[in-house]
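Enquirer: Sequence:
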Amino acid sequence: MATAAAALLRLSRSRRPLLPLSSLRLPPPAPYHHHSHSQTPPSSSSSSSHARLPAFLSFLAAAAAAAGGTTVALCDSGIDHRVGGKESTELVVRGERKRVPNEFIDELASFLGENLTVDYEERHYHGTPQNSFHKAVNVPDVVVFPRSQDEVQKIVMACNKYKVPIVPYGGATSIEGHTLAPHGGVCINMSLMKFALNRSQKIKSLHVEDMDVVVEPGVGWIELNEYLKPYGLFFPLDPGKYGTMRDNVINLQAVLPNGDVVKTGSRARKSAAGYDLARLIIGSEGTLGVITEVTVRLQKLPSHSVVAMCNFQTIKDAADVAIATMLSGIQVSRVELLDEVQIRAINMANGKNLPEVPTLMFEFIGTEAYALEQTLLVQKIATEHHGSDFVFVEEPDAKEELWKIRKEALWAGFAMKPDHEAMITDVCVPLSRLAECISVSKEKLDASPLTCLVIAHAGDGNFHTIILFDPSQEDQRREAERLNHFMVHTALSMEGTCTGEHGVGTGKMKASYLEKELGIESLRTMKRIKAALDPNNIMNPGKLIPPHVCI
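Counted the way my numbering counts, the sequence shown spans residues 1 to 551.
If you are wondering where the hints come from, they were derived from the structure by calculation, not from laboratory data.
Beta carbons are placed, not taken as given, at the ideal position from N, Cα and C, and that holds for glycine.
Where hints are given, some of them may not hold.
Here are the simulated DSSO-like pairs of lysine-lysine, each with C-alpha atoms no more than 27 Å apart in a straight line [claimed, not checked]:
(1) K229 with K407
(2) K194 with K204
(3) K194 with K316
(4) K154 with K202
(5) K194 with K300
(6) K407 with K300
(7) K194 with K154
(8) K352 with K399
(9) K404 with K352
(10) K202 with K300
(11) K135 with K417
(12) K399 with K380
(13) K202 with K229
(14) K270 with K300
(15) K407 with K444
(16) K204 with K229
(17) K417 with K352
(18) K194 with K229
(19) K154 with K204
(20) K316 with K229
(21) K154 with K263
(22) K135 with K202
(23) K407 with K135
(24) K204 with K263
(25) K300 with K204
(26) K98 with K135
(27) K352 with K407
(28) K204 with K270
(29) K300 with K399
(30) K194 with K263
(31) K407 with K316
(32) K229 with K399
(33) K404 with K300
(34) K316 with K352
(35) K417 with K404
(36) K417 with K380
Distance windows between CB atoms, simulated [said to hold, decoys possible]:
(37) E103 with E521: 40 to 46 Å
(38) V393 with R99: 57 to 63 Å
(39) N350 with R267: 41 to 47 Å
(40) N347 with E394: 20 to 26 Å
With these hints in hand, go ahead and build the complete structure from the sequences.
Expert: This is the structure:
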């Protein structure tokens with residue numbers, strides 16, 4: 001994602017050798033390039049007039065006028081984004097791409113050295129999401145690999161000076177098109193940003209007694225937890241138990257579009273001082289700034305845990321047990337629901353012979369006696385709701401084997417249809433409506449000719465559907481979109497949300513989703529904030545806020 005979560009979840013991939021500085025040249029348009037316009041670098045007086053933020057939102061119109069041309073569009077309805085209009089269902093995100101000037105490339109190269117490339121394969125890799133079917137007509141013009149906040153600041157200031165779009169790139173885990181570059185520009189890959197006091201020191205600071213840690217975005221989640229393990233701590237990414245990423249960030253530092261560096265707070269566990277800028281920036285999906293440092297909450301490693309699994313005849317029974325468990329007050333660390341299609345995929349992919357019925361998985365943590373007590377209480381609840389084959393394990397290897405079933409769910413789905421792509425839904429409803437929402441959705445999914453798998457974080461009302469479709473078949477893509485649309489509107493009718501975890505990006509940037517959930521005035525307020533902080537519209541343009549929203 002272009003959020004702090006994405007920054008912490010860096011995928012391991014060997015980098016291609018970067019081009020030597022002597023070979024740097026203006027990159028050619030992408031082969032599937034859509035628009036091409038010449039661009040003249042602004043004069044120094046023009047760029048300096050926007051070097052600082054407007055004093056208040058009342059200066060918004062003046063800031064927009066000063067930016068000139070179409071770089072600040074207070075109403076973007078005329079721009080051909082294709083995806084993200086009122087009711088767009090097109091696959092490819094279109095945008096206006098302007099060639100970046102040679103002077104801009106030279107300026108970046110002067111301080112980045114070898115950590116800059118215009119190699120087409122590298123640009124195409126960064127402009128093509130690794131876990132998503134979303135595509136754009138353009139790719140980044142240049143990919144940069146900063147090693148410090150100072151370098152990020154210089155990159156952003158240069159982009160603002162030349163009005164070149166920026167796409168922050170963290171863990172490459174986004175699945176809603178967050179890292180697409182429909183307008184070209186600069187992709188800022190944060191993978192080299194690791195604090196390096198020495199070769200082994202990649203963590204800026206750890207405060208064991210305060211249970212927090214300060215890291216830069218190049219540190220991966222697995223890497224961080226390996227570092228924390230000797231201290232008896234870990235950083236969880238489990239929305240059902242510990243909340244979403246924004247709930248676990250204490251403060252952050254970010255480079256704003258004009259180059260200013262903002263720190264959003266102290267290390268205090270709570271604060272009522274001013275606007276909650278940390279959560280504003282985390283939720284902005286890279287449209288308000290580039291995150292360069294985060295301080296996150298840590299948790300104690302549990303002394304003991306139990307993993308349990310139980311089968312059900314219907315998905316409603318399984319969801320009802322998840323709800324009853326949460327309402328009972330039992331302290332469950334995780335509750336995951338997998339439907340019979342998902343279990344079938346796991347059997348096919350891993351050679352297992354699990355009963356192909358709706359299945360719940362639980363994790364209980366605490367002392368050995370406490371975890372076992374909670375397990376037996378849940379077993380009783382499951383039995384009352386027609387549950388069967390309740391099993392639980394305590395040995396580390398056995399627990400790991402059971403959780404592999406959930407961790408490999410997506411890849412197992414792809415194994416069913418190797419030549420297909422996945423449209424992944426992300427609705428979330430109040431817990432009391434979960435069973436109803438899943439049941440209604442499941443009827444539609446089962447009636448569809450497409451293969452659809454259901455996975456739910458049943459402890460917090462969030463569930464995903466993996467809808468497999470052949471992207472070369474227009475009828476299949478539209479059927480996938482129809483199912484997605486149905487589930488979103490079902491969730492919204494139950495006072496839920498179109499996205500519990502994955503964010504908006506370009507995939508959910510539809511008026512019928514966001515206006516119904518948030519209201520047009522909320523979207524206009526977001527647009528005003530965006531225009532005030534980013535008058536040149538360089539930060540991840542064409543994402544999050546539908547282009548038809550006017551202010």
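Enquirer: If a hint holds in the structure, say so; if it doesn't, say that too.
Expert: Evaluation of the provided hints:
1. K229 with K407: holds (21 Å)
2. K194 with K204: holds (8 Å)
3. K194 with K316: violated (46 Å)
4. K154 with K202: holds (23 Å)
5. K194 with K300: holds (24 Å)
6. K407 with K300: The given pair, whose Cα atoms are some 22 Å apart, holds under the 27 Å limit.
7. K194 with K154: holds (18 Å)
8. K352 with K399: OK: K352 and K399 at ~16 Å, within 27 Å.
9. K404 with K352: holds (12 Å)
10. K202 with K300: holds (21 Å)
11. K135 with K417: Distance of about 20 Å is within 27 Å: holds.
12. K399 with K380: Since the Cα atoms of K399 and K380 sit roughly 21 Å apart, the hinted pair holds (cutoff 27 Å).
13. K202 with K229: holds (15 Å)
14. K270 with K300: Given pair K270, K300 holds - Cα atoms ~19 Å apart, limit 27 Å.
15. K407 with K444: holds (26 Å)
16. K204 with K229: Holds: K204 and K229 sit about 16 Å apart, inside 27 Å.
17. K417 with K352: holds (18 Å)
18. K194 with K229: Status holds; Cα separation ~19 Å.
19. K154 with K204: holds (21 Å)
20. K316 with K229: Not satisfied, since the Cα-Cα distance of roughly 38 Å exceeds 27 Å.
21. K154 with K263: holds (17 Å)
22. K135 with K202: violated (34 Å)
23. K407 with K135: holds (26 Å)
24. K204 with K263: Measuring from Cα to Cα gives roughly 15 Å; hence the hint holds.
25. K300 with K204: holds (20 Å)
26. K98 with K135: holds (19 Å)
27. K352 with K407: Roughly 15 Å between the alpha carbons, so the hint for K352 and K407 holds.
28. K204 with K270: holds (22 Å)
29. K300 with K399: The hint holds at about 19 Å.
30. K194 with K263: Holds. K194 to K263 sits at ~18 Å (cutoff 27 Å).
31. K407 with K316: Holds. K407 to K316 sits at ~23 Å (cutoff 27 Å).
32. K229 with K399: holds (18 Å)
33. K404 with K300: Between K404 and K300 the Cα gap is close to 23 Å, so the pair holds against 27 Å.
34. K316 with K352: Distance ~25 Å between K316 and K352 Cα, so the pair holds.
35. K417 with K404: holds (20 Å)
36. K417 with K380: Given that 27 Å is the threshold and the Cα spacing comes to 38 Å, the pair is violated.
37. E103 with E521: 40 to 46 Å: holds (42 Å)
38. V393 with R99: 57 to 63 Å: This hint holds: roughly 59 Å between Cβ atoms.
39. N350 with R267: 41 to 47 Å: The hint (41 to 47 Å, Cβ to Cβ) holds, given that N350 and R267 are roughly 43 Å apart.
40. N347 with E394: 20 to 26 Å: For E394 against N347, whose Cβ atoms are near 25 Å apart, the range 20 to 26 Å holds.
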